[in-house]
Amino acid sequence: MMYSPRYRLFPDAEQREVLDWTRDTVRQVYNHALREFNQIPADAGTLRQRVWSVRDTLPAIKDWWSDLKQVYSTVLQKAVERIRDSIQNLGKLKAKGYDVGSLNWKKPREYRSFTYRQSGFELDKKSGSNGRGLLRLKKLKGETREIPIRLHRDLPDHELIKEVTLKKEPTGAWHVSFCIKADEPEKPAIEDINPDDTVGLDLGVFNFVHDSDGRSVGRLDLSADRERLEREQRSLSRKEYESNNWEEQRRRVAEVHAQMSNKKRDFKHKLAHFYTTEYDAVFVEDLNVKGMLESPQNARNKAEVGWRDCITILEHHGKKNGCHVVEVEPRGTTKECAACGVETRKPIWVREHSCPACGFELDRDWNAALNVLSHGLTKLGVVHSEDTPVETATTVDSFMVSASYVVETGSPTLKEPAKQASRAG
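Residues 1038 to 1462 (our numbering) make up the sequence shown, in order.
Errors might be hidden in some of the hints.
[As the list claims (entries may be wrong)] Across the chosen pairs, the derived CB separations fall in these ranges:
#, residue 1, residue 2, range
1, K1129, W1058, 31 to 39 angstroms
2, D1303, E1051, 17 to 25 angstroms
3, K1143, A1210, 19 to 27 angstroms
4, I1198, K1383, 46 to 54 angstroms
5, S1090, E1206, 45 to 53 angstroms
6, A1210, T1415, 27 to 35 angstroms
7, S1298, Q1155, 42 to 50 angstroms
[Unchecked claim] Mimicking DSSO-like on lysine-lysine, the simulated pairs with C-alpha atoms at most 27 angstroms apart in a straight line are:
#, residue 1, residue 2
8, K1416, K1356
9, K1163, K1205
10, K1143, K1129
11, K1224, K1204
12, K1416, K1218
13, K1176, K1218
14, K1357, K1307
15, K1178, K1163
16, K1357, K1301
17, K1204, K1300
18, K1175, K1224
19, K1178, K1144
20, K1356, K1301
21, K1372, K1300
22, K1199, K1099
23, K1106, K1144
24, K1099, K1163
25, K1383, K1357
26, K1204, K1178
27, K1372, K1204
28, K1416, K1224
29, K1204, K1143
30, K1131, K1176
31, K1162, K1143
32, K1099, K1218
33, K1301, K1163
34, K1204, K1163
35, K1175, K1129
36, K1131, K1144
37, K1204, K1416
38, K1383, K1162
39, K1106, K1205
40, K1106, K1204
Worth flagging that the hints you see were computed from the coordinates, not collected in a lab. Beta carbons are placed, not taken as given, at the ideal position from N, Cα and C, and that holds for glycine.
Just need the whole structure built from these sequences, with the hints factored in.
What follows is the structure, given as structure tokens:
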């Protein structure tokens, strides 16, 4: 399994200047390579062959472009190979129905990263000051540089770091990602999974997650961040474009965006870690997020919660922690009664499920989570009793968890209902 853990770099003023020089030089190589690639006929070979033919001209280019001799060779090669990766990614988006264009020339602000492949770098975990390590990079403007790095968590066990990508954020901060390959833990065999060790998740807008064990996790409150963002953006709009004051204010806006993104990412990773370590299988709705965002109802809140991103993070943690993460068809999970299966239409403002056929009453989202659990067990092939989900619902009280607890403390409060559920079962 491939991992790309990300860490913060702390370059000094001289190192920042060198990193920016390298990034801009690599950007110019990319733009030159893109122009050369566009002049090659499409029938001259496969995509890989055409990109590699441009990459193979790099040694000759160094004869008249002397700055390239001060950049590590694999960094230049990866800049050219990025053309192939970008075209392949555009093809995947097109296959999903998105409107895609072609690759364009990159402006200085649009090209933010460069990559070392297999060599040209060395990570020293112990030599840095103040508990930090050092990242040694060769040929940063012709010289080897040692940049302090904060290793806030250990790298997963691995044999080799395949790639090192340095990226400058819009805030001006530098981060580094290490691409490594580590062993993927085995997932439990289907026949060995106990239905009590599985959970269904209903993703919502009012509450971020409601699971089949009765937990309800609230949404992140980003109202203060949103108000600050609006103030900073209004201030930015009054500045002269690309003036010094405009650039300073642009960074402030970028910092607010980064703060909000970090909070949401941290929240989702902690939730995903909890569910994939507590359960053998996690079932979640396969939502058509693109179609939901195109509808006029509540689109802003739907975009802000980031359901598709949450599902992707769940799948990543499922692989990392040896947990089955299964997406199930969402159609009918809200309407169906978890006790008898009869469908009942409910407007969005009706938050309680009350079945006219059997009289079963439950919170609307909890009923949906039980249906997700039942559909997921069937899809995965786990042998389960038809009335297991409803038995779970009637023996465990619903439990509300504030999103602030998840963000600040890493979700230990989530574990209490799981213990109640296991005792009740």
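So which hints don't hold here, by number, going up?
Violated hints (numbers, rising): 2, 5, 6, 7, 11, 12, 18, 21, 24, 25, 27, 30, 31, 32, 33, 35, 37, 38; every other hint is consistent with the structure.
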